[in-house]
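Residue numbers (this note's numbering), protein chains in the order written: chain A, 1 to 256; chain F, 1 to 322.
All the pointers check out, no bait thrown in.
Listed below are several chain F residues computed to face chain A (Cβ distance under 8 Å; list not exhaustive):
1) 115
2) 253
3) 283
4) 285
5) 313
6) 321
Calculated from the structure, these hints are not laboratory results.
By construction, the Cβ of each residue, glycine as well, lies at the ideal position given by its N, Cα and C atoms.
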Amino acid sequence: MKIIVAIKQVPERDAPVRIAANHKSIDETDLNWAMNEPDAYALEEALQLKEKNGGEVIVLSAGPERVGSTIREALAKGADRAIHVVSDDLGSRDALGVARLLAEAIKPENPDLVLTGLQSEDLGLGQTGVIVAELLGLPHSTLILQVEKTDAGIKVKRELEEGWFQHIELPLPAVLTIQSGGNKLRYATLMGIKRAKMKEVRSVNAADLGPATAPVLTLEQISLPSKQKSTQILPGTAKEAAAALVEKLKFEARVL
Amino acid sequence: MSRILVVQEARRDGNARFFQETLAAGRRLASSTGLTLEAAGVGDPNKDIFLEITGPTPASGHAIIHPALETYTPDGYVLAFEQLIRKLEPAYVIFPHTYQVRDFVPRLAARFGQTLIGDVTAFEDGPLFIRQLFQGRISARYRHEGGGPCFASIQSGAFRNDSPNGGTMDIYHFTPEIPADALRTKPSEPFRGSAQTVDLGSAQLIVSVGRGIREAENLPLIESLAAALGAEIAASRPICDNGWLPMERQVGSSGQSVAPKLYLAVGISGAIQHLVGMKASQCIVAINKDPDAPIFEVADYGIVGDLFEVVPALTEAVKAAK
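Next up, chain A with everything else stripped away, as it sits in the complex (with noise of 0.2 Å):
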């Protein structure tokens, strides 16, 4: 099986986010960056898909230059070899933009099957996959637990609301969201950081995959949140704060 896996390079975790001076995007200045979780679950069910089944793992990312220790990693957990969309303006793109890029990039390769995260941790769209499943014209399934080969293509494991799920068909070649839990994940091994330097990262410029379009959607300003409640924060040294708060558990919410 030949598998494509798109992944997204987005900031660490609990890096601080800063909002930059424009009011448009995030203060990217000393920001650590990780591969997006979700998607590192859709490269889990690609390699365990390929140790199964043998075939080939691409890696699909785009972004700027900097999206390529994202892209090392993934090489070293196993993929055979990627493909780097640069791109430095992907924030003026709305998620049909992106997806456009990958579709295209993906088109040539014609591959038997597309994984991607079911979202990102940063813009959490929850789209691209299910966008480039239509651009490809190819039929998809979202929030999936698990894959299966089977002789009439995959059988998928999906993930429903509220503790409930769902087994689902599909033929081949398709595209499907991967939600994350349902593999553990692999770490590199040092062998497989070795490696994944003589692995093949072909780069496309961004430019060459097609005319950029008009976003359909534009951000207007990023903001703070506004508060929903008025928080009591308890001040002072842990065991303090802890008195504290037992205190107004027990005489003012009267919940203990």
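Once you have looked at the hints, place chain F on chain A.
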């Protein structure tokens, strides 16, 4: 282009609350744009989806009826809604932000050259659509450019349905054309995950743990606090993804929804997927080292500090107070 179409989704549990909220959002948009509100949904109009509307009634309802739509598939729903939208030409199409909507609406919108504005929490005049970024740490205002239709989905709990008086509306049947080979995915019957042995829904006190705990080896800290309080233990998704606690203890959109007297969130940043499962709790306490963590937006009491110091101190204080 003079309509706002609000789409209803038939729920397994028959709960129409979310649809009422989506209608409330549609009314909000209708009053700021001067457009007419209409409803649409898949299914038998007499049995199902249009019976439970409260508040000022939409001008009309569109019931999409086709045997191929009895079971949900993204291919079937995209085709059906594409044809209804081409016929009605609404300016806005508003959905509840459910797993089903996330599954097919991005594809539907792309077919119109559009992008869904997902998980909207509020509108401002313009209209501007407000949604969260960075797991709730940032609030963003989006504007829809150019021609329509504009697709948006509404976050659960974001709009209150406060119009109790209902009425009747004219229902129109719509039968889409769905070729026999159009449905490429074959779904089977939904099933419940492993038998639930923990009913967090009826717990009065819950201590819930998130990524801040760092390692499974640190969980006894939380267990001691829960034991001192007589509380159930719950967790955010990453803890269960890692297998540190069973999935049935997960609170949030993909786990259980809870509303205890006391919800004590330890080391949980408060991504929206978690908040929707616990924000109805009577009293919420957050312990987190990051003063900007979104969990503090819904907390009644907060301690900003290292949970490895605060939790043992709290366990002692609870024991001392008993």
